[in-house]
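Asks: One-letter residues, chain by chain:
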Amino acid sequence: MNPTDIHAPAYFHKVVDCQWACPAHTPVPEYIRMIAAGRYTEAYMINWESNVFPGILGRTCDRPCEPACRRVRTEEKPVAICRLKRVAADHKGDIEAYLPHVPTTKNGKRIALLGAGPASLAVARDLLPFGYEIDMFDRDPAGGGMMRSQIPAFRLPADVLEEEVDLIVNMGVNATYNYEIKSMKAMLEMNYDAYFVGTGAPRGRDLDLPGRQEVDEHISIGIDWLSSVAFGHTSSISGKVIVMGGGNTAMDCCRTSKRLGAESVTVVVRSGFEVMKASEWEKEDAMSEGIPIINNRPPKEFVHENGKLKGVIFECVKPVEQDGRLKYIPTGEPDVFIECDHILMAIGQENHCPWIERDIGIEFDKWDCPILDEVTLQSTHPKIFFGGDSAFGPENIIWASAHAHQAAISIHLACQGKDPKDERPPEGLNLISQKMGVHEWSYDAEHDASKRFIVPHANRSRSLDNIKVEVELGFDELLGSREAQRCLNCDVQTVFTERLCIECDACVDICPMDCITFTNNAEEEALRDYLTAPAKNLEQALYVSDDLETGRVMVKDEDVCLHCGLCAERCPTNAWDMQKSVIHIPQLGSYAE
Amino acid sequence: MTFVPKPKVRHPLLEFNEIGLTRRDYEGSVSTLCAGCGHDSVSAAITIACNEMSIPPHRFAKLSGIGCSSKTPSYFLGASHGFNSVHGRMPSVATGANLANHELYCIGVSGDGDSASIGVGQFAHIVRRKVNMLYIVDNNGTYGLTKGQFSATNDRGSTSKRGVPNLYSPIDLVSMALQVGASFVARSFSGDKTQLVPLIKAALMHKGFAFIDVISPCVMFNNHNGSTKSYQYVREHTAAMVDAQLITPHEEISVEYAPGTVKEVDMPDGSLLRLRKLSETYDPHDRIGALNHVQRAQEQGDVITGLLYVDPIASDLHEVLETTSTPLNQLVESDLCPGSEALDGVNASFR
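Heads up: the protein sequence lines correspond to chains C and S, in order.
If you read the first sequence in this note's numbering, its first letter stands for residue 1, the second for the next number, and so on.
If you read the second sequence in this note's numbering, its first letter stands for residue 1001, the second for the next number, and so on.
Simulated from the structure, these hints should not be mistaken for laboratory data.
For each residue, glycine too, the CB sits at the ideal point set by N, CA and C.
Please note that the accuracy of each hint is not assured.
What the hints assert, rightly or not - Label pairs and their in silico Cβ distance ranges:
1. C:N520 / S:G1121: 40 to 46 Å
2. S:D1335 / C:S450: 40 to 46 Å
3. S:G1078 / C:E446: 43 to 49 Å
4. C:N520 / S:L1336: 46 to 52 Å
5. S:S1029 / C:F273: 42 to 48 Å
6. S:A1239 / C:A526: 43 to 49 Å
7. S:S1029 / C:R460: 43 to 49 Å
8. C:F273 / S:V1262: 58 to 64 Å
9. S:K1147 / C:E76: 21 to 27 Å
10. S:I1019 / C:E523: 48 to 54 Å
11. S:L1167 / C:N520: 52 to 58 Å
Full structure from sequences and hints, please.
Replies: Here it is as structure tokens:
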């Protein structure tokens, strides 16, 4: 293999699994160290810069970082990254001094944000410090988009939501609420310098089965129903409720029903339990509240008596793997009838922009999604950019933040007459040695063997009575600091300098995870087999040195390295050093003047 | 030394040996020696060998004297027996331990100071007595613990860190062991575990006195240009004579060598010791030939390594003394004082 180019930003970025997995590339280990040190405000601001909504995400994020956490590979359970984010948000001090300065003299460019959800808000935050005038339009009476309308208060309390939404709005956004956008053409006539479409995926899917029309008044679309609960139009639900669907919306629907007085709530999913789209913890929370989840039951028919809903007939199927894909085939058991008075339909949603005329230069693909450049998020109309769920279909809040950063860069470049694709700032990497002296490192290298800490919950009977009572209480400072210790500091990299190595084997002998091997070079496939411990995880890179004095090379398997620093600690010549990698992800702040 | 404890967590694919342990179970506490010390690699080699042989850790007795080398038994086989004795007197303690319980695998770790200076007399006599043990000398040619004076194994003309040459002739422990009757003599290098680990395994299985002289560079005081025991010098001047490989009864014999270069020796436990000659002229069963070869190489500044001599039908101290097969420490009062009738019988035999 060729020597690894450790100065390419992507190499060490990928070693920080959580940061690599995060769409917004939040520097997770850095803020976790801040939490461990009790510096909550700084920890919060590191998050705020990357993902814009730390308090909201600390409660509601889909957490792509957690399954990626190295700890999953070394000891099964990941660091509770999301909950730690909340610790920073819950315990932070005054952030005023850390906020970017918004100039009072504007730069003369006007930007329209369509929709007031996370994507639009994040674009506003990125652009405001550069003197842009920002006008934001939304059909709802308040900002926040789906974070407000679809996430129930027992998961995300209103004050947490409002704090982070208002922070951005108050930076100088001209917000127009209760404004239903009916025509993109009309918007274009308002002659803004750029438009950002962040209107989400507001149309919930429906099921056209026998009986559907007759029972229309007993069926609600999940996201619409949650929205009417959020804005106070619905405050109760009675009788027996069936929630159809297996995603997070389904989980929110069933738990909300339970709190609004349903006699019984049942979730029925057409697929198997493991492949449900809902996050693991959402399923657990619903089940622990006594809500049954019935799997492998696709619905067949709505049963009614003169328009009065009686229940639903479901088919019994089982998953079978065919050509590597799951298929559901009938089990042969008789169909089942489940009685109900109301159905909440939570089987997915679509981005849907009927208000965008198809003849104004924005092209759509065959799925009716706008055709976008994946990097710049620019549509085929040079002034119009998309982000969040309206860009590539339903994702989540963290993706909305990630899109927003890219779109903001594109808008900034476009407004300066530059090319949004070719003139983007590059990624960068700084490596900073953490050695402070003999056996002294500026990070807490010692491995903490604690198991993942359990987050306390509110009293069950109290939280099931009141939709406003938050279920998860979050870690307190002590639990938070203990959970923070579990982080392996994957951003403190093992950096190897060939010319200093005397090949004494000290690092090989001390490495607790058998990551290091000195061997003759070979092709990757062969090399992976004859390392001290075989490197079976092909997703994790091998770090290969240049030729050493004896003609051998050093090969390090990054897979399960604990970043404990023992190799550097036992190296007599400092050929190994622990260096913190700071990955510079381009964001509008990269242009700071 | 290192203050960060070695994490207990291990590689998820680390292999279990036949008794359900991993290599990590054969480790000791974290080394307090200087970073990069060759001795730590020797300790690691012992850990690997003992794990691969699937011997329970409590079946080992680790014995040592004084010096950097003699500290190392703390750093391997944490769950075994150990005795850190007086300077140069480890052989006496090892003899006692082996006499009391011949079922233990005795590993003595000593250094060039401990064995070639203060303990040179004890060393000679434990070899003569054929105590069944593995005796390792971590040989770095310097007194590291007292800041780098020349030791008795330092080659004449080799220089100190400051460039002062050594004026005296070295003691060669390999030649000495050959001369006074060791039945297993090897030399290796701490930086070459592919050679050292099989040697340790073969030595542990050898019945009789097994000696391995391991060149183990002192990174602090004897790893400079004028040294003949530095990582670089040893790598450049090493010539392996014979490779040893121990094949236990249940292991498959997989590697095939060119005919004529391989010799196989049956070991007492049923395993097979396979010797692969790397030099045409070298015979690992010829004690006097080996002695000559070692001395000549020494004169030319070469370090010859590998299994230099093995006597396949060696005996040990217990055989010489015709002791009972029950370990002495397991004999109970009725065995030791069988009563007046037995005494009468013994007395009668002298009449």
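Asks: Confirm or reject each hint.
Replies: Comparing the hints with the structure gives:
no.: 1; hint: C:N520 / S:G1121: 40 to 46 Å; in the structure: 45 Å, holds
no.: 2; hint: S:D1335 / C:S450: 40 to 46 Å; in the structure: 53 Å, violated
no.: 3; hint: S:G1078 / C:E446: 43 to 49 Å; in the structure: 19 Å, violated
no.: 4; hint: C:N520 / S:L1336: 46 to 52 Å; in the structure: 59 Å, violated
no.: 5; hint: S:S1029 / C:F273: 42 to 48 Å; in the structure: 47 Å, holds
no.: 6; hint: S:A1239 / C:A526: 43 to 49 Å; in the structure: 29 Å, violated
no.: 7; hint: S:S1029 / C:R460: 43 to 49 Å; in the structure: 47 Å, holds
no.: 8; hint: C:F273 / S:V1262: 58 to 64 Å; in the structure: 59 Å, holds
no.: 9; hint: S:K1147 / C:E76: 21 to 27 Å; in the structure: 48 Å, violated
no.: 10; hint: S:I1019 / C:E523: 48 to 54 Å; in the structure: 36 Å, violated
no.: 11; hint: S:L1167 / C:N520: 52 to 58 Å; in the structure: 41 Å, violated
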